[in-house]
Amino acid sequence: MMGQAVGAVCRTVVVVPVAVAILVAAGCQQPPSPAKAPATSVAVGPGAASDAAKNGASAVPGGVAEPKAASTAPVCAAGSECPPTAAPPPVTVPAPEPAGKVKVIVFLDKEECCDCTRKRQDDAWKVLQDALDSLPVKPPVERVHVDTQADQAAMYTGLEPLMVPPGIYFLDHSQNLIQMLQGEVTRDQIEKILD
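Those letters in the sequence shown? Residues 1 to 195, by this note's numbering.
For the record, the hints were derived by calculation from the structure and aren't laboratory data. Hints are not guaranteed to be accurate.
Quick list of in silico lysine to any residue cross-link-like pairs, SDA-like style, CA-CA up to 20 Å [said to hold, decoys possible]: (1) 119 - 130; (2) 110 - 134; (3) 138 - 127; (4) 103 - 164; (5) 103 - 133; (6) 101 - 132; (7) 103 - 176; (8) 138 - 87; (9) 110 - 174; (10) 138 - 186; (11) 101 - 134; (12) 103 - 147; (13) 110 - 133; (14) 138 - 191; (15) 126 - 173; (16) 119 - 182; (17) 138 - 161; (18) 110 - 152; (19) 103 - 148; (20) 192 - 110; (21) 110 - 137; (22) 138 - 110; (23) 126 - 150; (24) 103 - 163; (25) 192 - 141; (26) 138 - 150; (27) 138 - 170; (28) 138 - 114; (29) 119 - 165; (30) 101 - 173; (31) 192 - 133; (32) 101 - 180; (33) 126 - 189; (34) 192 - 119; (35) 126 - 185; (36) 192 - 158; (37) 138 - 125; (38) 126 - 107.
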């Protein structure tokens, strides 16, 4: 029965580029807004020619009418009033974080290492803490041991390989790498990234 009107129920078909909406005369329907998508209306079924004339469209053979202009007025059943329609509530979308702003710091080190590597890691940890103490808002710091937490460390070494521990990974709000420092680091290097 596709393409045929059953009785006098189907009066208007609104063709939207992606979907076809059929407005039924038995209920009150609001056609799509032309601002969202251009719509084309055609009348089908018995009485289509007279409906077309009422709506300013020209009738063509076979009971189909071509519109002169799409209407945005509600289509309601004869003799019934259309209920008022409320505007949809506004959608609030949070502003995106600025790119390059450090949101998380990951400190990759070795849990089991020689004394010289341990000293370098301890010195870098202290320098990082001193740099963070100067900030009004401190990003969280996660400490991961590359030798005993290999799965967790792989997430970061996949972004930038760690050659000389420790590695300090500065990440943005989307976990994208902003910059990475490794080995012996200075407070000045860290503060330049955090500014």
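Taking the hints in turn, this is what the structure says about them:
1. 119 - 130: 16 Å, holds
2. 110 - 134: 27 Å, violated
3. 138 - 127: Holds - the C-alpha atoms of residue 127 and residue 138 are around 14 Å apart, at most 20 Å.
4. 103 - 164: 24 Å, violated
5. 103 - 133: 15 Å, holds
6. 101 - 132: Since the Cα atoms of residue 101 and residue 132 sit roughly 14 Å apart, the hinted pair holds (cutoff 20 Å).
7. 103 - 176: 10 Å, holds
8. 138 - 87: 42 Å, violated
9. 110 - 174: 26 Å, violated
10. 138 - 186: 18 Å, holds
11. 101 - 134: Between residue 101 and residue 134 the Cα gap is close to 16 Å, so the pair holds against 20 Å.
12. 103 - 147: With Cα atoms ~25 Å apart, residue 103 and residue 147 exceed 20 Å; violated.
13. 110 - 133: 24 Å, violated
14. 138 - 191: 12 Å, holds
15. 126 - 173: This hinted pair is violated, its Cα atoms lying about 25 Å apart.
16. 119 - 182: Status holds; Cα separation ~14 Å.
17. 138 - 161: Roughly 25 Å separates the two Cα atoms, so the pair is violated.
18. 110 - 152: 13 Å, holds
19. 103 - 148: 25 Å, violated
20. 192 - 110: 25 Å, violated
21. 110 - 137: Since the Cα atoms of residue 110 and residue 137 sit roughly 28 Å apart, the hinted pair is violated (cutoff 20 Å).
22. 138 - 110: 24 Å, violated
23. 126 - 150: 24 Å, violated
24. 103 - 163: 24 Å, violated
25. 192 - 141: 17 Å, holds
26. 138 - 150: Violated, because 26 Å separates the two Cα atoms, which is more than 20 Å.
27. 138 - 170: Between residue 138 and residue 170 the Cα gap is close to 12 Å, so the pair holds against 20 Å.
28. 138 - 114: 31 Å, violated
29. 119 - 165: 11 Å, holds
30. 101 - 173: 8 Å, holds
31. 192 - 133: 14 Å, holds
32. 101 - 180: Holds - the C-alpha atoms of residue 180 and residue 101 are around 14 Å apart, at most 20 Å.
33. 126 - 189: It holds: about 14 Å lies between the C-alpha atoms, which stays within 20 Å.
34. 192 - 119: 23 Å, violated
35. 126 - 185: Since the Cα atoms of residue 126 and residue 185 sit roughly 10 Å apart, the hinted pair holds (cutoff 20 Å).
36. 192 - 158: 24 Å, violated
37. 138 - 125: 15 Å, holds
38. 126 - 107: 12 Å, holds
Violated hints for the displayed structure, listed by number in ascending order: 2, 4, 8, 9, 12, 13, 15, 17, 19, 20, 21, 22, 23, 24, 26, 28, 34, 36.
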